[in-house]
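**Student:** Each chain is listed here by its residues.
2 protein chains.
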Amino acid sequence: MEASTAQRRRAAPPTAVLGIVGGGQLAKMTAQAATRLGLEVAVLERAREFPAQALDTRSSFGDWNDAATLIEFARGVDVVTLENEFVDARALHALEAAGHALYPTAAMIELVQDKLRQKEVLRAAGLPVADFRRVESPAEVAACAQDGFGWPMVLKKRRNAYDGKGNATVRTPADVERAWKEPGGGPGVFYVERFVPFERELAVMVARGRDGASVSYPTVETINREHVCRVVLAPAPVDSRAADEAQQLARAAAQSVGAVGSFGVELFHLRDGSLAINELAPRVHNTGHYTIEACDSSQFDNHVRAVMGWPLGSPRMQVPAACMVNLLGAGAGSGEPLGLVNALAVPGAHVHVYGKLSSSRGRKMGHVTALGASLESARATAERAADLIRFGEDSPS
Amino acid sequence: MEASTAQRRRAAPPTAVLGIVGGGQLAKMTAQAATRLGLEVAVLERAREFPAQALDTRSSFGDWNDAATLIEFARGVDVVTLENEFVDARALHALEAAGHALYPTAAMIELVQDKLRQKEVLRAAGLPVADFRRVESPAEVAACAQDGFGWPMVLKKRRNAYDGKGNATVRTPADVERAWKEPGGGPGVFYVERFVPFERELAVMVARGRDGASVSYPTVETINREHVCRVVLAPAPVDSRAADEAQQLARAAAQSVGAVGSFGVELFHLRDGSLAINELAPRVHNTGHYTIEACDSSQFDNHVRAVMGWPLGSPRMQVPAACMVNLLGAGAGSGEPLGLVNALAVPGAHVHVYGKLSSSRGRKMGHVTALGASLESARATAERAADLIRFGEDSPS
Numbered sequence: 001m002e003a004s005t006a007q008r009r010r011a012a013p014p015t016a017v018l019g020i021v022g023g024g025q026l027a028k029m030t031a032q033a034a035t036r037l038g039l040e041v042a043v044l045e046r047a048r049e050f051p052a053q054a055l056d057t058r059s060s061f062g063d064w065n066d067a068a069t070l071i072e073f074a075r076g077v078d079v080v081t082l083e084n085e086f087v088d089a090r091a092l093h094a095l096e097a098a099g100h101a102l103y104p105t106a107a108m109i110e111l112v113q114d115k116l117r118q119k120e121v122l123r124a125a126g127l128p129v130a131d132f133r134r135v136e137s138p139a140e141v142a143a144c145a146q147d148g149f150g151w152p153m154v155l156k157k158r159r160n161a162y163d164g165k166g167n168a169t170v171r172t173p174a175d176v177e178r179a180w181k182e183p184g185g186g187p188g189v190f191y192v193e194r195f196v197p198f199e200r201e202l203a204v205m206v207a208r209g210r211d212g213a214s215v216s217y218p219t220v221e222t223i224n225r226e227h228v229c230r231v232v233l234a235p236a237p238v239d240s241r242a243a244d245e246a247q248q249l250a251r252a253a254a255q256s257v258g259a260v261g262s263f264g265v266e267l268f269h270l271r272d273g274s275l276a277i278n279e280l281a282p283r284v285h286n287t288g289h290y291t292i293e294a295c296d297s298s299q300f301d302n303h304v305r306a307v308m309g310w311p312l313g314s315p316r317m318q319v320p321a322a323c324m325v326n327l328l329g330a331g332a333g334s335g336e337p338l339g340l341v342n343a344l345a346v347p348g349a350h351v352h353v354y355g356k357l358s359s360s361r362g363r364k365m366g367h368v369t370a371l372g373a374s375l376e377s378a379r380a381t382a383e384r385a386a387d388l389i390r391f392g393e394d395s396p397s
Numbered sequence: 398m399e400a401s402t403a404q405r406r407r408a409a410p411p412t413a414v415l416g417i418v419g420g421g422q423l424a425k426m427t428a429q430a431a432t433r434l435g436l437e438v439a440v441l442e443r444a445r446e447f448p449a450q451a452l453d454t455r456s457s458f459g460d461w462n463d464a465a466t467l468i469e470f471a472r473g474v475d476v477v478t479l480e481n482e483f484v485d486a487r488a489l490h491a492l493e494a495a496g497h498a499l500y501p502t503a504a505m506i507e508l509v510q511d512k513l514r515q516k517e518v519l520r521a522a523g524l525p526v527a528d529f530r531r532v533e534s535p536a537e538v539a540a541c542a543q544d545g546f547g548w549p550m551v552l553k554k555r556r557n558a559y560d561g562k563g564n565a566t567v568r569t570p571a572d573v574e575r576a577w578k579e580p581g582g583g584p585g586v587f588y589v590e591r592f593v594p595f596e597r598e599l600a601v602m603v604a605r606g607r608d609g610a611s612v613s614y615p616t617v618e619t620i621n622r623e624h625v626c627r628v629v630l631a632p633a634p635v636d637s638r639a640a641d642e643a644q645q646l647a648r649a650a651a652q653s654v655g656a657v658g659s660f661g662v663e664l665f666h667l668r669d670g671s672l673a674i675n676e677l678a679p680r681v682h683n684t685g686h687y688t689i690e691a692c693d694s695s696q697f698d699n700h701v702r703a704v705m706g707w708p709l710g711s712p713r714m715q716v717p718a719a720c721m722v723n724l725l726g727a728g729a730g731s732g733e734p735l736g737l738v739n740a741l742a743v744p745g746a747h748v749h750v751y752g753k754l755s756s757s758r759g760r761k762m763g764h765v766t767a768l769g770a771s772l773e774s775a776r777a778t779a780e781r782a783a784d785l786i787r788f789g790e791d792s793p794s
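Those protein sequence lines, which keep their order, are chains D and F. According to the numbering used here, the first sequence is numbered sequentially starting from 1. According to the numbering used here, the second sequence is numbered sequentially starting from 398.
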């Protein structure tokens with residue numbers, strides 16, 4: 001009685017098949033948007049079980065850093081896109097060379113993967129970034145301090161760093177030596193950045209089409225805890241000049257690297273009111289989840305439109321304010337959302353459960369969005385519902 | 398490299414599995430809502446290819462009127478719900494007798510399946526319905542005309558009728574004789590209803606929980622073409638007294654039949670300003686699609702909450718007005734949405750493509766919803782986008 005994979009793969013989908021490399025919550029929410037537009041979704045995953053699994057007509061299991069696996073996956077789809085920016089750029093170039101449509105492009109991913117190159121491109125485009133320098137030894141880091149950066153400085157890994165992982169605030173030459181010698185340290189690994197005391201962290205989602213047309217979503221404030229995004233306030237409680245400037249910078253940043261699709265730009269709002277671009281996330285982004293309920297077209301809808309070569313939708317907010325609160329794992333345990341029923345009883349709370357099979361401390365297990373007439377009311381609703389859900393409390397953390 | 402069905406069925410989903418009997422667009426949109434809440438979805442379908450196929454972790458192929466097939470399907474799921482109300486009630490009773498959770502219940506489905514019994518229950522509950530009578534022969538129909546109904550009257554099939562199919566306006570005894578002799582006519586098939594000249598058709602979606610708690614969505618106006626819903630205006634452009642009364646009647650109707658889940662109530666707004674319940678749709682309903690974008694909790698979200706036994710979400714509209722326009726097949730052809738790209742360029746148009754593999758004249762292929770500050774602006778946007786999409790024009794209709 002049960003369906004075989006062959007049955008699940010439809011003979012001739014009426015529109016097209018979107019292939020997503022990676023099957024986490026970002027792929028799941030992208031798949032939600034894609035299926036609404038009549039697309040079918042195929043997912044390539046390394047894990048046997050993953051959040052987007054319920055939403056694809058075809059799951060492929062394999063190593064996305066292997067060019068042959070990527071090309072085999074791409075054979076059954078019309079356009080390939082990525083859930084994460086850490087896929088081996090050589091494999092992505094091979095995919096394009098084999099004639100497959102990949103958005104964002106291999107060149108863009110390769111550029112953004114190296115945060116030092118990312119910063120160099122942004123600076124070359126005249127966009128504001130904190131002072132930074134390429135460094136090849138601890139001595140060169142210390143020299144930066146003498147050369148105007150001062151202590152402390154931030155030592156940042158060029159690759160495979162996210163959610164603050166790979167960043168270290170160094171206060172003395174001894175701190176630098178220590179970081180250099182840690183596993184994964186060494187020559188070519190780091191660059192150094194001037195420590196920038198900021199007032200708040202802002203973010204802007206941009207959606208940029210294959211034709212270069214772009215739209216930017218409202219500037220939001222992100223409130224982090226232990227370097228992980230916990231709360232997003234939309235729009236950010238900043239003056240309109242700063243909000244507008246952040247959106248302009250974000251669109252310019254997306255253009256400077258040749259972005260296609262939804263694209264996150266994180267910024268620092270400095271104490272003097274100026275802005276500096278912190279880093280780029282070349283994909284749908286946690287700071288844009290609120291757009292599902294709050295905006296005409298969500299970041300996921302616009303990602304799909306962009307990579308398919310379709311017109312972008314309006315990023316306008318339909319309501320005055322929105323707040324998103326992440327649901328982070330409290331510890332190791334199952335993926336069961338304890339207290340879900342209580343959270344669902346909070347009027348106006350939009351609860352998203354990603355469906356991960358296990359929780360770990362700080363793991364993103366879901367989120368809650370609330371809309372409101374003011375940031376205060378939206379935040380109160382979202383926080384109230386989020387406080388009622390717990391993951392990973394069913395066994396000791 | 399490809400996934401087997403076994404891989405798709407996850408070992409231990411963190412929440413639960415919702416089984417849906419039927420895999421059309423209503424199941425697809427229900428699955429979208431269910432997966433957002435962390436549920437997984439299984440679908441039982443008679444067709445090998447269907448719109449919800451992209452959104453389930455397990456497709457079962459089989460006849461849903463067969464009790465053994467239903468019970469086998471239910472073994473792998475926590476709660477079973479229905480996409481359509483035409484499943485054999487004996488099979489549904491057998492499913493419940495085997496200990497499976499089915500919402501709405503077999504008793505409710507059995508009741509609503511017979512429009513005559515439906516009307517009898519509504520009348521017994523004191524709810525306003527057009528005069529109707531059980532009839533067993535053409536002579537009994539004609540007698541109704543003499544007995545106060547007058548000509549014309551409406552001869553309605555008791556079972557398996559939707560979108561106006563099975564209803565005939567009869568103007569003379571000869572019309573009645575003709576209808577009686579048509580294929581599918583005969584004794585026990587029809588009941589007769591007084592012809593009610595109405596001003597407009599209204600509808601209200603109700604969501605009712607397993608505990609009997611219910612919420613009602615705003616009263617909407619439905620504009621039909623050839624008996625098929627074409628446009629829905631939310632809220633209906635009627636005075637608040639009529640709108641409120643329609644909502645009260647709808648909640649009372651849902652209670653009278655023991656509804657669980659989302660539940661559509663169609664009403665006539667008569668020329669004297671009074672209301673009459675036309676018929677019940679014991680499931681998510683075309684007139685409630687606008688709730689996806691317009692309301693705090695959509696009809697699909699609340700259907701899932703209701704059948705799972707979870708608290709209902711708020712049915713409040715987040716914006717002043719919304720309009721939904723159905724995308725109906727122009728003729729026979731593929732399911733490809735011609736002009737989709739043009740429609741996506743209309744700002745504020747939310748385009749839904751169901752992903753059906755083929756079109757036929759009048760078939761529901763998708764819909765467009767637009768929100769606005771007024772019904773006029775929302776309708777203009779939705780109609781503009783809908784006019785740009787065509788299905789089934791790729792071959793002669």
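Hints should not be assumed to be uniformly reliable.
[As the list claims (entries may be wrong)] The following label-pair restraints were derived from C-beta to C-beta distances:
(1) R472/F / S360/D: 47 to 55 Å
(2) V319/D / L667/F: 48 to 56 Å
(3) A610/F / E182/D: 32 to 40 Å
(4) G473/F / V319/D: 54 to 62 Å
(5) E623/F / R48/D: 35 to 43 Å
(6) D608/F / P197/D: 33 to 41 Å
(7) N739/F / V319/D: 52 to 60 Å
(8) Q543/F / V319/D: 13 to 21 Å
(9) P183/D / V716/F: 48 to 56 Å
(10) V593/F / R48/D: 52 to 60 Å
(11) E623/F / A125/D: 28 to 36 Å
(12) R48/D / E469/F: 22 to 30 Å
The set of hints was computed from the structure by calculation and includes no laboratory data. Built from N, CA and C at the ideal position, the CB exists for glycine as well.
**Student:** If a hint holds in the structure, say so; if it does not, say that too.
**Tutor:** These are the hints, each one checked on the structure:
1. R472/F / S360/D: 47 to 55 Å: violated (32 Å)
2. V319/D / L667/F: 48 to 56 Å: violated (37 Å)
3. A610/F / E182/D: 32 to 40 Å: This hint is violated: roughly 57 Å between Cβ atoms.
4. G473/F / V319/D: 54 to 62 Å: violated (40 Å)
5. E623/F / R48/D: 35 to 43 Å: With Cβ atoms ~49 Å apart, the hint is violated.
6. D608/F / P197/D: 33 to 41 Å: With a Cβ separation near 54 Å, D608/F and P197/D fall outside 33 to 41 Å, so the hint is violated.
7. N739/F / V319/D: 52 to 60 Å: violated (28 Å)
8. Q543/F / V319/D: 13 to 21 Å: Given about 58 Å between the Cβ atoms, the range is violated.
9. P183/D / V716/F: 48 to 56 Å: holds (53 Å)
10. V593/F / R48/D: 52 to 60 Å: holds (59 Å)
11. E623/F / A125/D: 28 to 36 Å: Check failed, 57 Å falls outside 28 to 36 Å.
12. R48/D / E469/F: 22 to 30 Å: holds (25 Å)
Violated hints, listed in ascending order, are 1, 2, 3, 4, 5, 6, 7, 8 and 11; each of the other numbered hints is respected by the structure.
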